[in-house]
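Note that the protein sequences, when read in sequence, are chains A and B.
Per the working numbering, the first sequence starts with residue 360, numbered consecutively.
Per the working numbering, the second sequence starts with residue 2, numbered consecutively.
Please keep in mind that the hints were generated in silico from the structure rather than gathered at the bench.
Hints are supplied without guarantee of correctness; some may be wrong.
Claimed, not checked - Now the in silico label distances, taken between C-beta atoms and shown as ranges:
#: 1; chain 1: B; residue 1: K46; chain 2: A; residue 2: Q441; range: 41 to 51 angstroms
#: 2; chain 1: A; residue 1: E443; chain 2: B; residue 2: P206; range: 34 to 44 angstroms
#: 3; chain 1: A; residue 1: K436; chain 2: B; residue 2: G71; range: 39 to 49 angstroms
#: 4; chain 1: A; residue 1: L452; chain 2: B; residue 2: S185; range: 50 to 60 angstroms
#: 5; chain 1: A; residue 1: R448; chain 2: B; residue 2: K291; range: 38 to 48 angstroms
To be verified - In silico DSS-like cross-links for lysine-lysine, where the CA-CA straight-line distance does not exceed 30 angstroms:
#: 6; chain 1: A; residue 1: K436; chain 2: B; residue 2: K179
#: 7; chain 1: B; residue 1: K291; chain 2: B; residue 2: K267
#: 8; chain 1: B; residue 1: K240; chain 2: B; residue 2: K281
#: 9; chain 1: A; residue 1: K434; chain 2: B; residue 2: K28
#: 10; chain 1: B; residue 1: K42; chain 2: B; residue 2: K179
#: 11; chain 1: B; residue 1: K232; chain 2: B; residue 2: K242
#: 12; chain 1: B; residue 1: K232; chain 2: A; residue 2: K447
#: 13; chain 1: A; residue 1: K447; chain 2: B; residue 2: K42
#: 14; chain 1: B; residue 1: K266; chain 2: B; residue 2: K179
#: 15; chain 1: B; residue 1: K254; chain 2: A; residue 2: K410
#: 16; chain 1: B; residue 1: K24; chain 2: B; residue 2: K63
#: 17; chain 1: A; residue 1: K436; chain 2: B; residue 2: K28
#: 18; chain 1: A; residue 1: K434; chain 2: B; residue 2: K240
#: 19; chain 1: B; residue 1: K65; chain 2: B; residue 2: K181
#: 20; chain 1: B; residue 1: K267; chain 2: A; residue 2: K447
#: 21; chain 1: B; residue 1: K63; chain 2: A; residue 2: K447
#: 22; chain 1: A; residue 1: K410; chain 2: B; residue 2: K28
#: 23; chain 1: B; residue 1: K24; chain 2: A; residue 2: K410
#: 24; chain 1: B; residue 1: K281; chain 2: B; residue 2: K267
#: 25; chain 1: B; residue 1: K42; chain 2: B; residue 2: K23
#: 26; chain 1: B; residue 1: K267; chain 2: B; residue 2: K242
#: 27; chain 1: B; residue 1: K242; chain 2: A; residue 2: K436
#: 28; chain 1: A; residue 1: K436; chain 2: B; residue 2: K209
#: 29; chain 1: B; residue 1: K46; chain 2: B; residue 2: K65
#: 30; chain 1: B; residue 1: K266; chain 2: A; residue 2: K436
#: 31; chain 1: A; residue 1: K447; chain 2: B; residue 2: K209
#: 32; chain 1: A; residue 1: K434; chain 2: B; residue 2: K181
#: 33; chain 1: A; residue 1: K434; chain 2: B; residue 2: K281
#: 34; chain 1: B; residue 1: K254; chain 2: B; residue 2: K267
#: 35; chain 1: A; residue 1: K436; chain 2: B; residue 2: K47
#: 36; chain 1: B; residue 1: K9; chain 2: A; residue 2: K434
#: 37; chain 1: B; residue 1: K66; chain 2: B; residue 2: K9
C-beta atoms are modelled at their ideal positions from N, C-alpha and C, and glycine is treated no differently.
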Amino acid sequence: MQDLISREECCLQYNVESSFIQALSDYGLLEITTVAETTYLHTEQLHDLEKFIRLHYDLNINVEGIDAITNLLMKVKNLQQQNEYLRKRLQILGDVEGDSAI
Amino acid sequence: MEFIDYYKILGLDKSASQEDIKKAYRKLARQHHPDLNPNDKEANKKFQQINEANEVLSDPEKRKKYDQYGENWQHAEQFEKAKQSQRSNAGHEYDFGQGAYSEEFSSGDFSDFFTSMFGGGSTGTGRRSAKFRGQDYNASLTVSLREAYTTHQHTFTINDKNVRITIPAGIADGQTIKLKGYGSPGINGGPAGDLYITFHILEDPVFKRLGDDLYITIDLDLYTAILGGDKMVDTISGKVKIKVHPETQNGTKTRLKGKGFPLYKKEGSFGDMIITWNIKLPTNLTEKQKELFRELSQS
C-alpha cells in the first residue's frame with residue numbers, strides 16, 4: 360500500500376476534481392487501482408499527473424488533447440532513440456570503412 | 002541589464018486587452034511549454050520569457066508600472082520613492098516589492114530586468130493553493146566506457162547534500178535514473194521532487210559500443226590471415242586466445258559470444274564482441290621474400 364495514493368487524497372493535494380482524474384483514466388493516461396472499494400493511483404504516476412494538471416489547467420488543453428500530445432511525445436521519443444541508434448551505427452560503420460581504407 | 006519588451010514577446014501592442022494577453026500567452030505557452038518540449042533548452046528559455054511577460058502584463062498594477070516607466074525603468078525606483086513619500090502624506094498605500102508576492106517561483110526564474118523592477122515573482126494565476134511536489138532536478142554524469150562496464154559507486158554533492166549512488170553495470174549512454182526525494186523541496190508542505198541523472202558514456206579509444214555489443218578492429222598479419230592460427234586479442238575484461246581461420250579476408254568479422262557489455266540489471270548476461278580483422282600487408286620485404294611472392298603470383 361506504500362506505493363499507492365488514494366484518488367481522494369490526490370484531489371485534495373492537487374486541488375483538482377475527481378472527474379478530471381477519472382477522465383484521464385478513461386483515456387488510459389492514468390491507471391486507477393481499486394482496493395476495498397477505494398480507488399488509488401500508483402505514486403509513480405504522480406509525475407505524469409502533475410504534467411497533465413499543468414497541461415489542462417495552465418494551458419487549457421482538454422483531455423482529448425492531452426491524450427494526443429502524450430502519444431505524439433512518445434513517438435518523438437522513440438524516433439529520437441532510433442535516430443541516436445542509427446547515428447551510432449553509422450559512426451561505427453564509418454570507422455570500420457575508414458580503417459579498411461588505410 | 003537590458004530593457005525587455007514584454008509586448009513584443011507576446012506579439013501584442015500596448016493597447017492589448019486582458020483577454021488579448023491571456024489568449025496570446027496561452028497560444029505561445031502551448032508552443033513552448035517544457036512539458037511539450039522535453040529536453041529543449043531553447044523552448045524552456047522562451048517559455049520563461051513568455052511567463053515573465055504574462056506575469057507583468059496580466060497583472061494590472063505591474064502593467065501600469067511597466068507602461069509608465071518603459072525604457073526608463075532604471076529610474077523607476079527613484080520615482081517610486083518620491084511618489085511613495087507623497088502618497089504616505091496623502092494617506093495612500095503602495096505595495097509593490099518582493100514582500101507583496103508569495104514565492105512559488107524562485108527569482109532565478111525571472112530576468113534581472115524583472116527582479117530589478119518588480120522584486121521576486123508571483124504565483125502566476127494563483128489558481129491553486131495546493132500542496133505541490135517540489136521541482137525535479139536534472140543532472141548529468143559522465144563516466145568512461147570501462148567504468149560503465151562494472152557496477153560501481155559514485156558520490157557527488159547536490160544542494161549541499163552528499164549523494165552516493167550505485168551505478169549498475171551496463172548503463173547506457175543517455176539513460177536516466179531517478180533518485181526519489183533529491184529534488185527541490187515541496188511547495189506548501191508537499192513532498193520533495195526527484196533527481197534525474199542522465200548518464201553520458203565517453204567514447205573509448207579501443208571499443209565502440211552499440212547496444213550491448215562491443216566492436217573492435219584488430220590488425221592481423223598477412224601470414225596468419227592466409228594460413229590461419231592462434232591470436233591473442235584484447236576484450237574489455239582481459240585477453241583471450243582465438244582461432245583465426247585460414248584465408249581470412251580483410252574486413253571479415255568474428256563474433257565472440259558473451260564478451261561484450263553486461264546487460265543492465267541482468268547479472269551474468271553479456272552482449273557479444275565483434276572483431277573486424279584488418280589485414281596488414283608486410284613491408285620492407287627482402288629480395289628473397291619478394292622472389293617468393295613472385296613465385297606465388299605465378300603459381
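Hint-by-hint comparison with the structure:
For K46(B) and Q441(A), the hinted distance range of 41 to 51 angstroms is not satisfied, since their beta carbons lie about 27 angstroms from each other. Range check, E443(A) to P206(B): Cβ separation about 21 angstroms, and the 34 to 44 angstroms hint is violated. Under the hint 39 to 49 angstroms, the C-beta atoms of K436(A) and G71(B), about 43 angstroms apart, fit the expected range. Restraint check, L452(A) to S185(B): a C-beta distance of roughly 44 angstroms breaks the suggested window 50 to 60 angstroms.
Distance hint check for R448(A) and K291(B): the Cβ-Cβ separation is about 42 angstroms, which falls inside the suggested range of 38 to 48 angstroms. Simply put, K436(A) and K179(B) have alpha-carbon atoms about 18 angstroms apart, close enough for the 30 angstroms limit, and the pair holds. Between K291(B) and K267(B) the CA atoms are separated by roughly 54 angstroms; this puts the pair beyond 30 angstroms, and the hint is violated. Taken as a hint, the K240(B) and K281(B) pair is honoured in the structure, with Cα atoms around 21 angstroms apart against an allowance of 30 angstroms.
Distance restraint check for K434(A) and K28(B): the Cα-Cα separation of roughly 23 angstroms lies within the 30 angstroms cut-off, and the hinted pair is therefore satisfied. Taking the CA atoms of K42(B) and K179(B), the gap is about 20 angstroms. The hint holds against a cut of 30 angstroms. Restraint check: the Cα-Cα separation between K232(B) and K242(B) comes to about 6 angstroms, which is no more than 30 angstroms; the hinted pair holds. For the suggested pair K232(B) and K447(A), the alpha carbons sit about 28 angstroms apart, so the restraint of at most 30 angstroms is met.
With a CA separation close to 23 angstroms, the supplied pair K447(A) and K42(B) stays within the 30 angstroms bound. Our distance criterion of 30 angstroms between C-alpha atoms is met by K266(B) and K179(B), whose separation comes to about 15 angstroms. The suggested pairing of K254(B) with K410(A) is violated, with an alpha-carbon distance near 48 angstroms, which exceeds 30 angstroms. Between K24(B) and K63(B) the alpha-carbon distance is near 19 angstroms, which keeps this suggested pair within the 30 angstroms criterion.
This hinted pair checks out: K436(A) and K28(B) have alpha carbons roughly 24 angstroms apart, not beyond 30 angstroms. The suggested pairing of K434(A) with K240(B) is violated, with an alpha-carbon distance near 42 angstroms, which exceeds 30 angstroms. Our distance criterion of 30 angstroms between C-alpha atoms is broken by K65(B) and K181(B), whose separation comes to about 43 angstroms. Among the hinted pairs, K267(B) with K447(A) is consistent with the structure: their alpha-carbon atoms are about 23 angstroms apart, no more than 30 angstroms.
For the hint pairing K63(B) with K447(A), the CA-to-CA distance comes to about 51 angstroms; that exceeds 30 angstroms, so the pair is violated. As the CA atoms of K410(A) and K28(B) are separated by approximately 18 angstroms, the hinted pair is consistent with the 30 angstroms bound. Annotation: proposed proximity of K24(B) to K410(A) holds, straight-line Cα distance about 21 angstroms (limit 30 angstroms). Between K281(B) and K267(B) the CA atoms are separated by roughly 39 angstroms; this puts the pair beyond 30 angstroms, and the hint is violated.
A threshold of 30 angstroms between alpha carbons decides the hint, and for K42(B) with K23(B) the separation of about 24 angstroms falls inside it, so the pair holds. Of the pairs offered as hints, the one joining K267(B) and K242(B) holds, with about 26 angstroms between alpha carbons and a cut-off of 30 angstroms not exceeded. Proposed proximity of K242(B) and K436(A) is contradicted: the alpha carbons are some 42 angstroms apart, above 30 angstroms. Only pairs whose Cα atoms come within 30 angstroms are accepted, and K436(A) paired with K209(B) is accepted, the gap being roughly 24 angstroms.
Restraint check for K46(B) and K65(B): satisfied, since their Cα atoms lie roughly 25 angstroms apart, inside the 30 angstroms limit. Restraint check for K266(B) and K436(A): the C-alpha separation of about 23 angstroms stays at or below 30 angstroms, so the hint holds. About 9 angstroms separates the Cα atoms of K447(A) and K209(B), which keeps this hinted pair within 30 angstroms; it holds. For the hint pairing K434(A) with K181(B), the CA-to-CA distance comes to about 27 angstroms; that is within 30 angstroms, so the pair holds.
Restraint check for K434(A) and K281(B): not satisfied, since their Cα atoms lie roughly 46 angstroms apart, outside the 30 angstroms limit. In summary, the hint linking K254(B) to K267(B) is supported, as the alpha carbons are separated by about 27 angstroms, within the 30 angstroms threshold. Pair hint K436(A) plus K47(B) holds up; C-alpha atoms about 21 angstroms apart against a cutoff of 30 angstroms. Between the alpha carbons of K9(B) and K434(A) the distance comes to roughly 33 angstroms, so the proposed pair goes past 30 angstroms and is violated.
Among the hinted pairs, K66(B) with K9(B) is consistent with the structure: their alpha-carbon atoms are about 17 angstroms apart, no more than 30 angstroms.
Hints 1, 2, 4, 7, 15, 18, 19, 21, 24, 27, 33, 36 from the earlier list are contradicted by this structure; the remaining hints agree with it.
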